[in-house]
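4 protein chains.
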Amino acid sequence: MAHRLTSDARGVYIISATPFTDEGAVDHESLKRLVAFYGEKGVTGITILGMMGEAPKLSLTESHGVIDTVMAAVAGALPVVVGVSSAGIDNLSALADYAMEKGAAGVMVAPNAAMKTETGILATFEAIAARLAGVPLVYQDFPLSTAMPISPAAFGALVNAVPSVAMLKHEDWPGLSKLTAIRAAEAKGQRRVSILTGNGGLYLPQELARGADGAMTGFAFPEMLVEVVRRHQAGDPGGAEDLFDAYLPLVRHEQQPGFGLAVRKEILRRRGIIASAAVRAPGPKLDGVAHDELTRLMARLERRLGEGPTAKAA
Amino acid sequence: MAHRLTSDARGVYIISATPFTDEGAVDHESLKRLVAFYGEKGVTGITILGMMGEAPKLSLTESHGVIDTVMAAVAGALPVVVGVSSAGIDNLSALADYAMEKGAAGVMVAPNAAMKTETGILATFEAIAARLAGVPLVYQDFPLSTAMPISPAAFGALVNAVPSVAMLKHEDWPGLSKLTAIRAAEAKGQRRVSILTGNGGLYLPQELARGADGAMTGFAFPEMLVEVVRRHQAGDPGGAEDLFDAYLPLVRHEQQPGFGLAVRKEILRRRGIIASAAVRAPGPKLDGVAHDELTRLMARLERRLGEGPTAKAA
Amino acid sequence: MAHRLTSDARGVYIISATPFTDEGAVDHESLKRLVAFYGEKGVTGITILGMMGEAPKLSLTESHGVIDTVMAAVAGALPVVVGVSSAGIDNLSALADYAMEKGAAGVMVAPNAAMKTETGILATFEAIAARLAGVPLVYQDFPLSTAMPISPAAFGALVNAVPSVAMLKHEDWPGLSKLTAIRAAEAKGQRRVSILTGNGGLYLPQELARGADGAMTGFAFPEMLVEVVRRHQAGDPGGAEDLFDAYLPLVRHEQQPGFGLAVRKEILRRRGIIASAAVRAPGPKLDGVAHDELTRLMARLERRLGEGPTAKAA
Amino acid sequence: MAHRLTSDARGVYIISATPFTDEGAVDHESLKRLVAFYGEKGVTGITILGMMGEAPKLSLTESHGVIDTVMAAVAGALPVVVGVSSAGIDNLSALADYAMEKGAAGVMVAPNAAMKTETGILATFEAIAARLAGVPLVYQDFPLSTAMPISPAAFGALVNAVPSVAMLKHEDWPGLSKLTAIRAAEAKGQRRVSILTGNGGLYLPQELARGADGAMTGFAFPEMLVEVVRRHQAGDPGGAEDLFDAYLPLVRHEQQPGFGLAVRKEILRRRGIIASAAVRAPGPKLDGVAHDELTRLMARLERRLGEGPTAKAA
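Note that the protein sequences, when read in sequence, are chains A, B, C and D.
Residue numbers 5 to 318, in our numbering, belong to the letters of the first sequence in order.
Residue numbers 5 to 318, in our numbering, belong to the letters of the second sequence in order.
Residue numbers 5 to 318, in our numbering, belong to the letters of the third sequence in order.
Residue numbers 5 to 318, in our numbering, belong to the letters of the fourth sequence in order.
To be clear, the hints were calculated from the coordinates, so they are not data collected in a lab.
Hints are supplied without guarantee of correctness; some may be wrong.
Quick list of the computed label-pair ranges, beta carbon to beta carbon [stated by the list, open to error]:
1. C:Ala279 - D:Glu44: 54 to 60 Å
2. D:Glu190 - A:Ala6: 42 to 48 Å
3. C:Gly262 - A:Ala118: 47 to 53 Å
4. D:Ala134 - C:Gln237: 25 to 31 Å
5. C:Gly138 - D:Pro167: 51 to 57 Å
6. B:Ala134 - C:Thr25: 51 to 57 Å
7. A:Gly262 - D:Ala79: 26 to 32 Å
Here a beta-carbon is modelled for each residue, glycine too, at the ideal position from N, C-alpha and C.
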């Protein structure tokens, strides 16, 4: 039976990269390995065709191909969320329909600048939800990229008006007080949604402490995300943060806008998961200096994981 | 033999609307009538899949369909330019290849915010031109929409570095001094390109006086654009401007960002060319007040064309 | 007794330019002549230190000087609105206090990008209104410049939450349907505010038809604005629009962002009102081509006013 | 004798906060303590009236007061750079003159969106440099805040055209490859400038490795910045990074846009340097949850500094 995203989702939904061959084609073999890798590291779900999956640079045929490969590789073991943001509702809805027919658990939509205001966001999401009757929605709140912020109050109005919004992908920046404000509003009766945090995980311990249900981001060491969330939810926030801090230099390195995707793919390549770190043009590429820099950061991580109280994640 | 856009192109390249049925499908019958209408009104060329053609809201299949229908309807009688802007070069290049194979005269590309700087624009256009070896390029300079301005100096560098740039679609705002600066640089040796102006035509007489070769815009009365350019090029700038001024209230009305597309389509509908004024969601729609307002403006145009020295255009 | 802006304000509040000498100092003699000129042309009020008054390029001492000179020149004959927008509430409030002490009728405030959302606008205006207890506020809605749009619904919430908001300076673009939406909400009980429209007056006839109370803009022929509003309010919208259309080529020319201010000042200079058309650096300057272009447009206006039904304004 | 900023400046120029009383006035006593504190911690220079110094929310009188107090407190012991960015060159130049007369070593200027393009940046900085004949300039490259990026190539052109540019405040993001590109261009003959990095110090070890001369940022533990730069320049990049990593959780916490300033001031308050953490309205404020979060992060830092190899900074 198909997974279906609900507002009590927790854990780590990893944002999947989209691997390409050096020649630029979608590399389905690497994609299968990547899905297996994410599963082995213990993620709760997988999100595909997000911004960090280079979705805007895929053709529709390629997007369908990515959905097909991932759904087949997951084989029902994990819920899959599919990014479907688009300038027009027709394209958005057609891709969402395709994804849901293939067994996706829900779709992720980011607002865009054409919506102009919070009032415009609300109206557009009402129209989207009406078209996608019943499809669970993830609201991607990432103003650094979308240039379309929303306040906690307006998000509350959206949640109340659009019952199919099941989850907030929280990556406003700064966003900590927003997270607290939403949980506070829920305590006063606003419908509760799942909140998974993005931003490369840069504030994950703080976000968990403020009520996040986990993470939805694509850090190339998903085992850290999984273990940090596990420790936190097991009542060990200090242990969670110790582990997190060990990885923080790399989290920060990978979170550089644009450039970080090349770093992320290179780490996945070095770890033997994907065959090439290629990013679609126009896009960043590591040069020799950047390779050495990454080597050094990864070596420092290894050394630190071998030390003291942080105990290497599984 | 196929038309091929060159840097001495002149006249009016009309930006074609993309007609939809009331149910939202591309209306190919209306599109054929629209092409015929543009031809009858004397345009020099047709530009399809631009922003005002709602290109970002079409599926790739629909975009191909629009190209097919227009190329068939034009039947070689006019050059057709195809907008191919996209976030990634792969998608851009695939659409450009499709268009050129079908007989397009060239493709139009706008910069985007990911290019960040003039230096970034130049690098990206060099990459695009390398991929589209030899395909004539129109550079769409429309910062109000793209948020990516370019100075005359940097445009000159682009023209020199990328020989396939044949035309500037000039719609910076303010842009009059830019036009003059480019022509001045050409007088000093910079490679000359065709400059057709956009912005709904709002400054057409001034732009022609400053050296524009014509217009590339989508005003719903293409006969005005054609006749203004004709009079100007025939040595009658005063007569050109008299006619232009008669239409200016409607030019200005149609040039409202976003909303103006709904006005344009409604005028084309009222003129009997397209069956529906539908704009894809999310998009504007005329309400009763807006319909009455347009009726009044069109009646005033009729009255004015019946008067004095402006002599109705063919 | 001091004027005090109220929500039933009507007519033309001219946005005053700030004249400089060729050496760049505020030219108080020209400013006095300008105020006299505006008064002779029949404006209802004067707005100073707006964006087109180059307020952000004045020192605080100069801003005080402009207020002093204008208040003295007006001598109580007309209400004066003072633009006081600032990054911080302390500076805003200090300037507002100065203006009100000198006899201003109210102050104008534009939202800024730091407010981020409609919710942020509301919160900030509540804070501003609390600081400026009772001072009549004009909300300047000019997203093209501020990058901070507001929907009719959110503006309604603002009007209800902040009783001191007396007026909307309406210059969203497109903004016609917003104007109608606000008037419709007022018909259903929302507190009525005065709506004066900006945008250089580009849509003045349409805006009056949709319920605007007049204009607040700085066109260099204020007699046109005054007469158009007068005719419209006297029940002659057709006559109003006839006159407007005669000036429209120049309205459009003056409304070019940034550059238009240099045009406006040059017209005022040619009309003998201000001594120099200098704009503060960095800012636009007319070159020879631009001067000739303006000469031609002004000659065409003269010719047209001498013709047919438009009957020159007083 | 007055210090004068040169292109071989190195070390840590701390970005000074501007302390306010709880009532909102500039707190000069706290400011004096802050200057003394920075000196005790070993900074090389002090930068005042930057964005994080809330310069846009000060009146001109207050800005003068800050300059006066800091120059008196520094008493010639350290070079002081003064932020003078402004919408107009007159205001910018007047503030720069004031600062230089009072003994500043140079002034810092950020580009703004009105400059539009790299070509516009160059032209404006040429005009600024001409007005400030000979005053050493720091170019603040902070597109996240200014929305005005510059490429390494265009920065090189600027350096060549404007000899008074002595320093780059490097805080583009991502910016690592830019730093390397500038140093590479210098190796090929471009005039060398000092590069101090900002961004809260988030990538300081990587930036030093790529050729930065130090930091210009405002982290509330300046001793970390000083010691990291010292170790790096003493040939111990590993030791530098060990220390840095211990502070990284707080660096990241303080680097949240907007909100981070409230964090920074609260840390300075807790350390006994400034009397109040007040930020000017509209601005952020820590609530109870944020206070507890900070307490926890500071305790974790203390614990970590007590451990293993990072050896507490002096």
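>> Taking the earlier hints as the rules, which of them does this structure contradict?
In response: Numbers 2, 3, 4 and 7, in rising order.
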